[in-house]
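A.B. asks: Given next are the chains, with one letter for each unit.
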Amino acid sequence: NAGVMQNPRHLVRRRGQEARLRCSPMKGHSHVYWYRQLPEEGLKFMVYLQKENIIDESGMPKERFSAEFPKEGPSILRIQQVVRGDSAAYFCASSPPVNRGAEQYFGPGTRLTVT
Amino acid sequence: AQSVTQLDSQVPVFEEAPVELRCNYSSSVSVYLFWYVQYPNQGLQLLLKYLSGSTLVKGINGFEAEFNKSQTSFHLRKPSVHISDTAEYFCAVSVRAQKLVFGQGTRLTINP
Chain W
1 NAGVMQNPRH
11 LVRRRGQEAR
21 LRCSPMKGHS
31 HVYWYRQLPE
41 EGLKFMVYLQ
51 KENIIDESGM
61 PKERFSAEFP
71 KEGPSILRIQ
81 QVVRGDSAAY
91 FCASSPPVNR
101 GAEQYFGPGT
111 RLTVT
Chain D
116 AQSVTQLDSQ
126 VPVFEEAPVE
136 LRCNYSSSVS
146 VYLFWYVQYP
156 NQGLQLLLKY
166 LSGSTLVKGI
176 NGFEAEFNKS
186 QTSFHLRKPS
196 VHISDTAEYF
206 CAVSVRAQKL
216 VFGQGTRLTI
226 NP
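First to last, the sequence lines map onto chains W and D.
Each residue of the first sequence is one higher than the one before, counting from 1 in this note's numbering.
Each residue of the second sequence is one higher than the one before, counting from 116 in this note's numbering.
It cannot be assumed that every hint is accurate.
[Said to hold, decoys possible] Result set (DSSO-like, lysine-lysine): computed pairs, CA atoms no more than 27 Å apart in a straight line:
#1 D:K164 with W:K27
#2 W:K44 with D:K164
#3 W:K44 with W:K27
#4 W:K62 with D:K184
#5 W:K62 with W:K51
In short, the hints are calculated from the structure, not lab data.
Model, not experiment: these values are computed from the prediction.
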């Protein structure tokens, strides 16, 4: 049973370019969460999605960031016109539709470097 | 809103010594509590969690934690650490099994 998959694992973008980060949840999981880890900091919640719905985007920056989780395919976190401050590790987590255990399963992360 | 404070950013200990990593939280509603471990350049792995019931929770790799409601704490302990326990440890809370709110992390370094 494959875990949460994220790709790419490493992504280098120049300032002003777009970054697309993909997350495939565990089999049977329909809830996806995105977190950002800045250097020397803990993880900060960004957005919580279910299939075709954004449930909570209270942690998303107001501009340049967007997320989707379509009916088919992976969840995508999109960052437009990247800046140096976007350099961070971005983690995706997933959970099942009925999450009695309250646990989230994390992927290995995508490390974004903006040059 | 919820917040989590991990009182030590770094904890160095000798191999086979006991260790305690401290975590305090703030919330006006009931929360679920978690400890995650992050090895270098990897994702997070759940060590243990408290949802309800017994306040002493046992997890993987010999770790345990105790929930103290009056002190709003959830400290992580291990009686004897190994070199392989070197990692970053994160305490986190959630309300109704939704988003996780993390502490800053504690870097545990094991010296031989």
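A.B. asks: For which of the previously enumerated hints does the structure constitute a violation, in increasing order of number?
C.D. replies: 4
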